[in-house]
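Heads up: the protein sequence lines correspond to chains R and V, in order.
Taking my numbering as reference, the numbering of the first sequence is continuous, increasing by one, and the terminal residue is 204.
Taking my numbering as reference, the numbering of the second sequence is continuous, increasing by one, and the terminal residue is 204.
Keep in mind that a hint or two might mislead.
Remember, identical chains collapse to one label, so a pair may be satisfied in a single copy or spanning two.
[As the list claims (entries may be wrong)] In silico DMTMM-like cross-links for lysine to aspartate or glutamate, where the CA-CA straight-line distance does not exceed 20 Å:
hint	residue 1	residue 2
1	Lys102	Glu3
2	Lys78	Glu119
3	Lys7	Glu163
4	Lys115	Glu5
5	Lys78	Glu200
6	Lys13	Glu40
7	Lys118	Glu145
8	Lys147	Glu121
9	Lys147	Asp172
If you are wondering where the hints come from, they were derived from the structure by calculation, not from laboratory data.
Number of protein chains: 2
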Amino acid sequence: MEFSSGFKPITIQPQEIESKSFEIIKEEFGAHDFSEAEFTVVQRIVHASADFELGRSLIFHPQAVEAGVRAIRQGRPVVADVQMVQVGINKPRLEKYGSQVNVYISDPDVAEEAKRHNVTRAIMAMRKAVKEAEGGIFAIGNAPTALLELIRLVKAGEAKPGLIIGLPVGFVSAAESKEELAKLDIPYITNIGRKGGSTVTVAAVNALSLLAEQVVE
Amino acid sequence: MEFSSGFKPITIQPQEIESKSFEIIKEEFGAHDFSEAEFTVVQRIVHASADFELGRSLIFHPQAVEAGVRAIRQGRPVVADVQMVQVGINKPRLEKYGSQVNVYISDPDVAEEAKRHNVTRAIMAMRKAVKEAEGGIFAIGNAPTALLELIRLVKAGEAKPGLIIGLPVGFVSAAESKEELAKLDIPYITNIGRKGGSTVTVAAVNALSLLAEQVVE
Chain R
-12 MEFSSGFKPI TIQPQEIESK SFEIIKEEFG AHDFSEAEFT VVQRIVHASA
38 DFELGRSLIF HPQAVEAGVR AIRQGRPVVA DVQMVQVGIN KPRLEKYGSQ
88 VNVYISDPDV AEEAKRHNVT RAIMAMRKAV KEAEGGIFAI GNAPTALLEL
138 IRLVKAGEAK PGLIIGLPVG FVSAAESKEE LAKLDIPYIT NIGRKGGSTV
188 TVAAVNALSL LAEQVVE
Chain V
-12 MEFSSGFKPI TIQPQEIESK SFEIIKEEFG AHDFSEAEFT VVQRIVHASA
38 DFELGRSLIF HPQAVEAGVR AIRQGRPVVA DVQMVQVGIN KPRLEKYGSQ
88 VNVYISDPDV AEEAKRHNVT RAIMAMRKAV KEAEGGIFAI GNAPTALLEL
138 IRLVKAGEAK PGLIIGLPVG FVSAAESKEE LAKLDIPYIT NIGRKGGSTV
188 TVAAVNALSL LAEQVVE
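Generate coordinates for the entire structure from the input sequences, incorporating the hints supplied.
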């Protein structure tokens, strides 16, 4: 097939754009208290959102990055709350370690059980996920109800995630769900406030898989 | 399957959360110059980002909403620049009108041609898209190079989109590409600045398909 049309192509390449972007972010971000590894995650999130306020609102459990890197290297699954998070995550980097991304929200049995128990599919998806993804990374970018359910399951001793990335966005329950997450003493990455979303959740997971490749323990 | 565990379920339902969120957004947004239909799109974008600054930075070509609604009702395709945009878009609402969402960036022929011409896959995907999606809605949330190429093709008379939703996010070329879009005299929805992304682009398309269902002409 021939799509070209004789015009001068735009020659700036994605790699070039990315490295220039990261320079700008570092420069404009200014002083902070994040560790070097944490800041790698912060930078990717700012890169995905162009939002420094969101970047500065991030909070990390002290073991968060280490736990995320370990989960990936051990080939633990990543659980995405919605399909947008699943498709955005870099799969080849995870597959090198035998890790994959699972999403349960569209499973027929989840829909059925949600109806039967009169709860959201997001909640039921978490109940299924914790049974199948012990030690995995739970990446929640959309549904506060999913995050609240996951927190409940952790407290009840029914879930043992390796890391929770809790970055749902929204005006109802999102900020509250993240406050609850930040009270847990298990590895988490979250933020203060309403902002978040699928793209920044993807950015966090992708930052961790890059760190898994790069960081020498 | 039985995922339930005897705990009190969280009973707030997605519909309830959504309508409460829209009330909050309307209240906090304050005075603005958007038309009623435009504000429906703005509200969905703020809902997806929790970012009023982003909402206020949106700009609409005077015919934008009308053109988007018409394209959907006529069953024109929606072209997404990346898979995250594709999966986020509400399909059943488009399918009622015979419209669907196409994404070209992962097509093997696009990859091949991009390599041969030494341009990004995002650019080559647009060259393929304009041949297959005349009159459609081009929804670009990720790649500024895709938007710049689409603008070039419009100027060259090689592309006739029904509506361009140009909301790429980023630090290099994103803001510039949107400035260029806003100079065109064809229907567009875009914003000023670096912010944007897949989730807000999805929100714009979903707002238009809701309007297609609701608005009486």
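Comparing the hints with the structure gives:
no.	hint	in the structure
1	Lys102 / Glu3	between (49 Å within a copy, 16 Å between copies)
2	Lys78 / Glu119	within (19 Å within a copy, 29 Å between copies)
3	Lys7 / Glu163	between (36 Å within a copy, 15 Å between copies)
4	Lys115 / Glu5	neither (37 Å within a copy, 25 Å between copies)
5	Lys78 / Glu200	within (13 Å within a copy, 37 Å between copies)
6	Lys13 / Glu40	within (14 Å within a copy, 22 Å between copies)
7	Lys118 / Glu145	within (8 Å within a copy, 53 Å between copies)
8	Lys147 / Glu121	within (5 Å within a copy, 50 Å between copies)
9	Lys147 / Asp172	within (12 Å within a copy, 55 Å between copies)
Hint 4 alone, counting from the list given before, is not met by this structure.
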